[in-house]
Amino acid sequence: MTMDDLYQEIILDHYRRPKNRAPALDGEDVHVHHSNPLCGDELDLRLRVRDGRIDGLVFDGEGCSISQASASAMTDAVLERDLDDALELAEDFRLLMHGTPATRPDDLRDGVVFEGVARFPVRVKCALLGWMAVRDAIETYLAGASDHAVTYDD
Amino acid sequence: MTIDVATVRKQYPTLQQEVDGRRLVYLDSAASSQTPEAVLDAMDGYYRRLRANVERGVYRLSEEATARYEASRHRLAAFVGAPSPDGVVFTRNVTEAINLVAYSWVRRRLGPGDAVLTTAMEHHANFVPWWHAAQDTGVELRVVPVREDFHLDVEAMGHLLADGRVRFLALGHVSNVLGTINPLSELIALARAANPEVVVLVDGAQAVPHLPVDVAALDVDFYGITGHKMLGPTGIGALIAKPERLEQMPPFLTGGSMILDVSAEHVVWNHPPHRFEAGTPMIAEAFGLHAACDVLDELGMDVVRAHERELVATFLDALGAADGVTVYGPTDPEQRSGAISFAVDGVHPHDLGAMLDSYGVCIRVGHHCAKPLMRWLGVNATARASLYVYNDVDDLAPLLEGIEAARRFFAR
Ligand SMILES: Cc1ncc(COP(=O)(O)O)c(C=O)c1O
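Sequences listed follow chains R and L, in order.
Take the working numbering: the final residue in the first sequence is number 323, and no numbers are missing along the way.
Take the working numbering: the final residue in the second sequence is number 1500, and no numbers are missing along the way.
Quick caveat, the hints were computed from the structure, so don't treat them as lab data.
A portion of the hints provided could be inaccurate.
As the list claims (entries may be wrong) - Short, incomplete list of chain L residues facing chain R, as computed with Cβ under 10 Å:
1. His1362
2. Ala1366
3. Glu1492
4. Ala1493
5. Ala1499
Beta carbons: idealized from backbone N, C-alpha and C, even for Gly.
From just these sequences and the hints, can you work out the full model?
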């Protein structure tokens, strides 16, 4: 493999200078914690909803560059979106990681550059972590709860 | 005597490969070692010339295969100084060897009020079976902590033994993460002082490939081995036991080969070690393990140890001097094996592993199946480079080069 296939410059930018990375969020409605014990990726995601839209979203965590960069790109792509729209976009990203071309490449914004990760099966989980967390945060919110933790075990 | 690494390497087909035009540098023998021609030939010979089941046939092919299978048992017994070949049970790997003891000894004999003592340094293979048995039986699981110098906390161990309720001690010989060589005699003496009847199991997965081991001299009840880390094939390991312990134990798995007589009313178990080898065993793998013992003995385990001790000293010096590298493990080469865990500032182990792969360097990254230890270290994952007979100082430069490249690439 070559490093450049996996680590596009935009991915490294998100890793080095993440967007919306913070340990707390004013007026937080939901906090989810997702972890990937196998590789040791950890992610905290905090969501604030106003009028059915993602009004605030921050992540914090520890993990490889792919997991952290993808979470950063995710926040950028879903902030300000309606909840069901964000859920749809998360599904688009999930399919992208399984080799299906994105149906909304523009809306995924920097998320599309993770397309190459699909060729590295062991890293797909890393790229998905942030997106699965936002999906869970929204579903948790819609279910009327405020906290949820998920551990991926394969 | 020293190891002529250039000659040794020629015997390993995998090491002749190139990755992207670079020499393959294999630094992951603690996960699984490479396989020399002699081991491949031994397994091939079984399939090409002696292919028959064992312990059953009356024709020459099967008799010869059986004789060679039993010869492998004797060979392994001699290699590790087993109290007797009758105390050598072939298993799939060390995990199965440990489970055998968890099921046929601990779960049968210990109960509420008793304690099993293990350590925070163990591989999950020597931790989870005890945790599970404790859950099922009401036995208390106690865990010896690790000290800041990456050795077991002997003082704390003394306290954990003080009430005399520890009836079983499960201890790793060499840590797969830290490389720490545990002072077995001292630790076992401590446990026996608290309770002379304590039964001792040692996980030797990371010791037998790298150090001269004499199980009888260690005077332990059980000692677990795994073939694929000692130049042998995958799919074979062994439980080395005092034969009298095995005599006292009911079988773990049941079925063919492990009985003397069966009727609807009664079953008579076979004698050890066959009592613990239900079904057709791993015959080719036993042949391969035999050859692996030969290869290691030809090199000489003292020589293997000396080679690795010198090499690990060189690697530790270089990694210690490298910018941003932190090594987790004893600094004294006398007290450690060639498994070197480390962290690189600002680079996640996963990313480091990917970068090193692009340099043709294979290392292990992750939690190394030792999550209690990772928790103690306060990290989710480490990188680990590990050394063996085919490694040499020329493997150091590609490692350092890849580490430095990763530092530049991922620098924030
Ligand atoms: C110390 C130790 N114990 C147990 C094991 C488990 O070995 P196996 O997977 O061959 O059963 C390993 C290998 O990963 C190990 O390093």
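Query raised in the report: Hint check: is the beta carbon of L:Glu1492 less than 10 Å from a beta carbon of chain R?
Result: violated (14 Å)
Query raised in the report: Can we keep the L:His1362 interface hint, with Cβ of chain R closer than 10 Å?
Result: Interface hint status for L:His1362: violated (37 Å vs cutoff 10 Å).
**Report entry** chain R contact restraint on L:Ala1493 - CB to CB distance below 10 Å
**Finding:** Holds, because the Cβ-Cβ distance from L:Ala1493 to chain R comes to roughly 9 Å (cut-off 10 Å).
Query raised in the report: Per the CB criterion, is L:Ala1499 less than 10 Å away from chain R?
Result: This hint holds: L:Ala1499 lies near chain R, its Cβ roughly 8 Å from the closest one there, short of 10 Å.
Requested in this report: Would you settle whether the hint for L:Ala1366 is holds or violated, based on the nearest Cβ-Cβ distance to chain R being less than 10 Å?
Outcome: violated (29 Å)
Of the numbered hints stated above, those contradicted by the structure are hints 1, 2 and 3, listed in ascending order.
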